[in-house]
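Asks: Letter by letter, the chains look like this.
Protein chains: 2
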Amino acid sequence: MAKTIQAALLGAGTVGGGVYRLLERRKGEMPDKIGAELVISKVLVRDATKPRAGIPAEKLTERFEDILNDPDISIVIELMGGIDPAKQYIEAALAAGKHVVTANKDLLAEHGFALARTAAERGLDLRFEASVAGGIPILTPLMTCLEGNDITEVMGIVNGTTNFILTGMANEGMDFADALKMAQELGYAEADPTADVEGLDAARKVAILASLAFHSKVTFSDVPVEGITKIRAKDISYAKEMGYVIKLIGIARNTDGEIEVGVSPMMLPKAHPLASVNGSFNAVFVHGDALDDAMFQGRGAGELPTASAVLGDLIAVCRDMLANCSGRIRMNPYKGLPLQARGNAAHRFFLRLKVEDRPGILASVAGVLGNNGVGISQVIQKQRTEEVAEIVVITDRVATRHMEDALAIFRSMSVIRSISSVLRVYSGQ
Amino acid sequence: MAKTIQAALLGAGTVGGGVYRLLERRKGEMPDKIGAELVISKVLVRDATKPRAGIPAEKLTERFEDILNDPDISIVIELMGGIDPAKQYIEAALAAGKHVVTANKDLLAEHGFALARTAAERGLDLRFEASVAGGIPILTPLMTCLEGNDITEVMGIVNGTTNFILTGMANEGMDFADALKMAQELGYAEADPTADVEGLDAARKVAILASLAFHSKVTFSDVPVEGITKIRAKDISYAKEMGYVIKLIGIARNTDGEIEVGVSPMMLPKAHPLASVNGSFNAVFVHGDALDDAMFQGRGAGELPTASAVLGDLIAVCRDMLANCSGRIRMNPYKGLPLQARGNAAHRFFLRLKVEDRPGILASVAGVLGNNGVGISQVIQKQRTEEVAEIVVITDRVATRHMEDALAIFRSMSVIRSISSVLRVYSGQ
Chain A
1 MAKTIQAALL GAGTVGGGVY RLLERRKGEM PDKIGAELVI SKVLVRDATK
51 PRAGIPAEKL TERFEDILND PDISIVIELM GGIDPAKQYI EAALAAGKHV
101 VTANKDLLAE HGFALARTAA ERGLDLRFEA SVAGGIPILT PLMTCLEGND
151 ITEVMGIVNG TTNFILTGMA NEGMDFADAL KMAQELGYAE ADPTADVEGL
201 DAARKVAILA SLAFHSKVTF SDVPVEGITK IRAKDISYAK EMGYVIKLIG
251 IARNTDGEIE VGVSPMMLPK AHPLASVNGS FNAVFVHGDA LDDAMFQGRG
301 AGELPTASAV LGDLIAVCRD MLANCSGRIR MNPYKGLPLQ ARGNAAHRFF
351 LRLKVEDRPG ILASVAGVLG NNGVGISQVI QKQRTEEVAE IVVITDRVAT
401 RHMEDALAIF RSMSVIRSIS SVLRVYSGQ
Chain B
1 MAKTIQAALL GAGTVGGGVY RLLERRKGEM PDKIGAELVI SKVLVRDATK
51 PRAGIPAEKL TERFEDILND PDISIVIELM GGIDPAKQYI EAALAAGKHV
101 VTANKDLLAE HGFALARTAA ERGLDLRFEA SVAGGIPILT PLMTCLEGND
151 ITEVMGIVNG TTNFILTGMA NEGMDFADAL KMAQELGYAE ADPTADVEGL
201 DAARKVAILA SLAFHSKVTF SDVPVEGITK IRAKDISYAK EMGYVIKLIG
251 IARNTDGEIE VGVSPMMLPK AHPLASVNGS FNAVFVHGDA LDDAMFQGRG
301 AGELPTASAV LGDLIAVCRD MLANCSGRIR MNPYKGLPLQ ARGNAAHRFF
351 LRLKVEDRPG ILASVAGVLG NNGVGISQVI QKQRTEEVAE IVVITDRVAT
401 RHMEDALAIF RSMSVIRSIS SVLRVYSGQ
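Same order as they appear, the protein sequences are chains A and B.
Under the working numbering, the residues of the first sequence are numbered 1 to 429, in order.
Under the working numbering, the residues of the second sequence are numbered 1 to 429, in order.
I should point out that these hints are in silico values taken from the structure, not numbers from a laboratory.
Just so we're clear, the structure is a prediction, and the values are computed from it rather than from any experiment.
All clues stand as given, with none of them false.
Covered stretches of chain B, going by a simulated chain A footprint (3 or more residues, C-beta under 8 angstroms):
#1 27-39
#2 132-138
#3 142-152
#4 290-300
#5 321-327
One side of the interface only, derived from the structure: several residues of chain B facing chain A at Cβ under 10 angstroms:
#6 18
#7 215
#8 276
#9 283
#10 303
#11 304
#12 305
#13 312
#14 316
#15 332
#16 334
Within a straight-line C-alpha distance of at most 20 angstroms, the following computed SDA-like cross-link-like pairs (lysine to any residue) qualify:
#17 A:354 with A:241
#18 A:33 with B:327
#19 A:33 with B:330
#20 A:33 with B:118
#21 B:335 with A:25
#22 A:33 with B:336
#23 A:33 with B:217
#24 A:335 with B:32
#25 B:335 with A:2
#26 A:33 with B:334
#27 B:230 with B:191
#28 B:3 with A:325
#29 B:33 with A:152
#30 A:27 with B:332
#31 A:270 with B:278
#32 A:270 with B:270
#33 B:33 with A:216
#34 A:230 with A:264
#35 B:335 with A:36
Where a beta carbon is used, it is the ideal one built from N, C-alpha and C, also for glycine.
Please build the complete structure, drawing on both the sequences and the hints.
Replies: Structure, rendered in structure tokens:
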């Protein structure tokens, strides 16, 4: 009879339940896939008296110690999310000699390197493919297949909620509030959508992607974040008119040895592969010096897509255990690249200004941009009412600080009634 | 000082030269990436007197035995292509205890499982990510990240030459011969384009993808192949009119436990992710029971993209060597699924018929289809000259054998002047 490897789940919510059910489907194939049986023998939950579909009641426990102190359990699968107590549980599991699989982006984006070092020092696997872009294989390919590259750019649509909302706005002409409401009614957005719509969820994923792509420490707090709450239907229609699509983009670039990271709405040319990734789909675009361009797309969240990534990790952990090669360092910040000063990040910008409708205003706007070294690529001027006109500008590529200088002057000009929108426009490196 | 791992290249053509140069770029990082130095110390070429850009002359040899008998060389990188003598060289390398990295789709599509078994039995790595879709990580993700899935469909644009030609035909309205000529002039097609335009190259990749996705033996000769030489500008314009794009698609499906494989031109709905993969780009679309839909796109050929995949494999081999866990079986046909009888493969079809232009012909055509159980989804009838009309039909989903029965009757009908085109139309499973 084949050996049996036992794992424990921390959390039996949507993803935890999905992992349990997916392994049930596959369990007959495990001896062929890994050379052993694989069972989940304990499941940590808050309330063990509450029935969990498909999970036998006797596997449920409310005490982490039941798992930690069970010498037959070799792998802990952490799916609770958040920093506390997930961090303590993972550290305790590693200290007890147990391998860890986690989908916890919050934790990885803050403490990934420290946890990876602890695991490696103890000869244990720590895997976290599910922490970025759900079911899409991206972290493992970055650490293996693409390791021969000097990666210069990783950018992605890594939050399905915001992509669903922006797709709704683009297709139906809805404003943000209505699209959010629709997403909430359909279950694509949570009752408190802050982490998604303000870009925080995406920023955690960007920190993880940048850390792996550039072999340098990047944490959540390093990532400047701008969400999609200020996007108006009008921005989207101007974008369309000018040949662009607005997406919430997480970006990580290595420019001349400095790392730029950020999350913000961005206008992408319609022909960019990310521009046609719609609805709740995620995608990650990678540029490497040998690879050239590549893109990975799929389901970034959901019970079974996330379970797919977790079970893939679990299988890898088992294979390493049985081959006695666990704990190989998989997150090595050997390049130690510094972060770029935020004002130096170069982008093109889309500006939408409400201005007094009288002669010379466009010249003033153009003059301010020119004086600050901001070139103009496209301009649209439209009259809206008797007295107020709208000027829309797409600039040439310019360091963010020059754009900010120009914006500061615009704010002080009485003929400029308001700066309605400032959006980045994708322009390559 | 770090240990040094020595590898040898078989072949210094486009890809071989690319691998050498890429490793030169990365060599300073190898101790960080793998924990050792990695050098290519010998390169097998036909003519060692001919200089190779970037490769020192003293590393060139015309004798495979110089590599085989060098005990310091642990890894053989086979980039010659073709079955002979690549197969003998790889077998000899494995017999001599050397790990193998190869990009050889011809060889893998015929002898992959046997070579993988030999390598595993000897505790050696055999890796071949570059054999399918060039730089795009697809085989490793299938064998690792996606291993928890029951994969039901893998389909892809896995030949850049034909995608470049079809994109040219679609964008410029060119006919096949002109688009091929352009592709040859621009270096996207070879002087003898047969293997590409007849679908043979794609069929080899489909055999490898199907073998890995379904854990079952599928070889090149199992794959029915149809190329793109019969596609006319008119087919492409009808496709556009009906909301489709024509691509050369390699398909591998598990339907009710039977494997369908094939390469043929296929009409894809414009919204399918593969429909917008243009030019020389490749992409592979995967459906798994947990993953749902995912797609991987990028450069399927070329010096550096292919070198990216080879160096990724090489790094993996080194890591396994240093962790003493080489030779884990990575190609296991444990499911042993049978091939589906070719006539049972269900598709929708696009038919273009030239018929006599007189009353009742459309009714006859519809009658023949109906009598053979072929439902009609869309019809366009156009008059071309005084006496000849063109009927274009898209059918419902039907087993290929029923379509073939109907076509046999059409061929016998004097009112049907010719069957101009028969193309598959994508319809999911």
